[in-house]
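Asker: Going by full-length UniProt numbering, the sequence shown opens with residue 1, and the numbers climb by one from there.
Any given hint might turn out to be false.
[To be verified] Below, computed lysine-lysine pairings styled on DSS-like, alpha-carbon distance capped at 27 Å:
id, residue 1, residue 2
1, K144, K167
2, K187, K167
3, K187, K76
4, K144, K219
5, K161, K219
6, K120, K144
7, K161, K144
8, K161, K76
9, K235, K255
10, K167, K120
11, K120, K76
12, K187, K116
13, K52, K76
14, K219, K120
15, K120, K52
16, K116, K76
17, K161, K187
18, K161, K116
19, K167, K116
20, K235, K265
21, K265, K253
22, K265, K255
In short, the hints are calculated from the structure, not lab data.
Since the structure is predicted, the reported quantities are computational estimates derived from the model, not experimental observations.
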Amino acid sequence: MTVSVETSQELDAADVVAAPHEKATAADADAHAAASVSDASAAPDVICEAVKAAAEENDIPIGFFVRLLWQESRFKATEVSSAGARGIAQFMPQTAVEVGLQDPFDPLQAIPASAKFLRKLHNQFGNLGLAAAAYNAGGGRIEKWLSRRSTLPNETRAYVKIITGHKAEAWIDEESTVYMPTDLPHKAPCEGVGGLSRQDQVATINVDLTPSASAMVRKAEADEVEDKKSAAVRKLRVAASSVARRVRAAASKAKARVVLLAARKSGKKSAVRLASASSGRKSSRL
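When you get a sec, could you build the whole thing from the sequences and use the hints?
Answerer: Printed below as a string of structure tokens:
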């Protein structure tokens with residue numbers, strides 16, 4: 001998954017993040033896998049403890065954090081996505097530099113960096129659902145989505161639903177409550193660590209938005225109302241114009257009928273006068 005920290009003004013730079021020359025090659029990943037001694041599969045207990053510590057340090061629910069990492073890489077420290085995202089937390093090269101991560105293939109570095117990044121996104125938008133969306137699609141894209149200046153990618157929609165159990169729209173319904181599953185995905189490690197379990201677990205989360213995120217949503221809603229009003233006014237104007245045209249056409253037809261009837265009546269009178277005059281002349285000659 002592409003991880004980005006761009007603002008709305010930096011969204012266009014997302015293409016640079018995923019540029020072909022920055023993508024890791026399969027050979028790079030294989031070489032690193034062979035040399036690395038920090039593969040998650042080699043020390044799952046250490047990895048799980050690192051997840052627990054990072055989640056606690058950044059005030060991120062451990063169940064949410066594990067579900068996100070599992071969705072990202074299935075806890076594979078040497079994972080490289082088709083877009084070039086690397087490691088257990090799937091950092092893009094540029095984002096790794098921005099967050100100060102030296103080796104995204106080292107889970108003991110990547111896990112704390114991922115939790116810290118999620119906390120940053122949470123602070124930017126106000127809740128876990130939008131933080132997950134931004135982790136996948138980039139903060140700038142989420143800002144545009146909140147402002148209704150762009151749509152949310154289907155991949156991101158599915159990502160948020162898998163991790164949080166709710167659609168992305170549920171996470172912008174301010175002051176509502178969501179019940180977020182925090183149980184371990186099937187086959188995910190770390191059962192028993194920090195209270196993690198594969199048994200059904202649900203966290204009650206109040207949906208909050210930061211003032212800036214709330215302002216984006218409220219403005220977008222107000223703009224939508226105004227757009228609907230403007231559309232209704234335009235529709236009424238079109239209808240009124242159509243009615244006016246029909247009225248004018250009917251009036252024109254009525255006027256034409258009046259003129260025609262008047263002409264017919266005038267013609268009949270003239271014919272009667274002519275006939276009467278002709279009859280009078282004939283009588284005088286007799």
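Asker: Each of the hints needs a verdict: does it hold here or not?
Answerer: Hint check results:
1. Between K144 and K167 the CA atoms are separated by roughly 17 Å; this keeps the pair inside 27 Å, and the hint holds.
2. The suggested pairing of K187 with K167 holds, with an alpha-carbon distance near 24 Å, which does not exceed 27 Å.
3. For the proposed pair K187 and K76, the alpha carbon gap of about 13 Å is at most 27 Å, so the pair holds.
4. Restraint check for K144 and K219: satisfied, since their Cα atoms lie roughly 12 Å apart, inside the 27 Å limit.
5. Restraint check for K161 and K219: the C-alpha separation of about 25 Å stays at or below 27 Å, so the hint holds.
6. Proximity of K120 to K144 is assessed by CA-CA distance (about 18 Å); at most 27 Å being required, the pair is judged to hold.
7. For the hint linking K161 to K144, the alpha-carbon distance of about 20 Å falls within 27 Å, and the restraint holds.
8. Distance hint between K161 and K76 is fulfilled; the C-alpha atoms sit about 22 Å from each other, no more than 27 Å.
9. Using a Cα cut-off of 27 Å, the hinted pair K235 and K255 is violated, with the two alpha carbons roughly 30 Å apart.
10. The hinted pair formed by K167 and K120 meets the criterion: a straight-line CA distance of about 21 Å does not exceed 27 Å.
11. Taking the CA atoms of K120 and K76, the gap is about 24 Å. The hint holds against a cut of 27 Å.
12. In summary, the hint linking K187 to K116 is supported, as the alpha carbons are separated by about 25 Å, within the 27 Å threshold.
13. A distance of roughly 17 Å separates the Cα atoms of K52 and K76; the hinted pair therefore holds under the 27 Å criterion.
14. Our distance criterion of 27 Å between C-alpha atoms is met by K219 and K120, whose separation comes to about 24 Å.
15. Proximity of K120 to K52 is assessed by CA-CA distance (about 18 Å); at most 27 Å being required, the pair is judged to hold.
16. For the suggested pair K116 and K76, the alpha carbons sit about 20 Å apart, so the restraint of at most 27 Å is met.
17. With a C-alpha separation of about 19 Å, the suggested pair K161 and K187 falls inside the 27 Å cut-off, and the hint holds.
18. Pair hint K161 plus K116 holds up; C-alpha atoms about 22 Å apart against a cutoff of 27 Å.
19. This hinted pair checks out: K167 and K116 have alpha carbons roughly 24 Å apart, not beyond 27 Å.
20. Using a Cα cut-off of 27 Å, the hinted pair K235 and K265 is violated, with the two alpha carbons roughly 45 Å apart.
21. For a cut-off of 27 Å, the pair hint linking K265 to K253 stands: about 18 Å separates their Cα positions.
22. In summary, the hint linking K265 to K255 is supported, as the alpha carbons are separated by about 15 Å, within the 27 Å threshold.
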